[in-house]
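Student: Sequence:
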Amino acid sequence: MYKILLAAFGPQNWWPAKTAFEVCVGAILTQNTSWKNVERAITNLRKKHLLSPASIRRVRRDRLARAIRSSGYYNQKAGRLKTFARWFGCRLRDRFKNAKGIPTSGLRNELLAIPGIGPETADSILLYAFNRPTFVVDAYTRRLVERHHMLPDGASYNEIKLLFESNLKKSPKLFNEFHALIVQLGKTYCRKTADCKECPLRRSL
DNA sequence: GACCAGGCACATC
DNA sequence: GATGTGCATGGT
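Heads up: the first sequence begins at 1459 in the numbering used here, then just goes up one per residue.
Since the hints were derived computationally from the structure, they do not count as laboratory data. Watch out, some of these pointers could steer you wrong.
What the hints assert, rightly or not - Simulated restraints, written as ranges between beta carbons of each label pair:
| # | residue 1 | residue 2 | range |
| --- | --- | --- | --- |
| 1 | S1624 | G1574 | 21 to 31 Å |
| 2 | A1571 | Y1531 | 17 to 27 Å |
| 3 | N1625 | R1660 | 18 to 28 Å |
| 4 | N1490 | E1604 | 16 to 26 Å |
| 5 | R1660 | C1548 | 23 to 33 Å |
Cβ atoms here follow ideal geometry from the backbone N, Cα and C, with glycine treated the same way.
Please put together the full structure from these sequences, using the hints given.
Tutor: This is the structure:
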């Protein structure tokens, strides 16, 4: 599947961001929201110099909320960004530059303990910000797996994640590109059930 | 106006 | 463990 998708769509070059922290901000803002709306929010944050842990901790909550308005759920997400910025600032500054030396599973548990960081956001951060070989399962991935009967319908997040992780080389580069390609596939062919033949995998999502 | 988008937390059963 | 609901914008 990976080879077919790569041939069909080409390298996706995710994640578009200047710093690891910016990747994390994007991962939180894109929760149940289109990337287009998130881009606007990030552009705003950059304009207001709010793309560092310190500045996000300092800024007033309502001002932060206004800046990310376009990404939806702005009150909730403003709180989530502030909590996350505290963790990122403290945890990553003192002990381990770029979180090197910390096992992926430990880092994942820390992320999951932060309110507003669920499994998908945690895995996106691990993969795209910290370059860890962790597979990201999103709604498109679930549809792909169910549509192709790779697992029984209703499989858990972890079952789907393990399906990919245990059948592929544990390479951040590969996981990065594969997840991005699945999203591209979903965006392009989702719900176009009449056009299955156009879908590189011959089955629309 | 309905439906969707690169989810998560919390209540309830 | 499964299901339902609030959170909110912008595009189709």
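Student: Which of the listed hints are not met by the structure?
Tutor: 5
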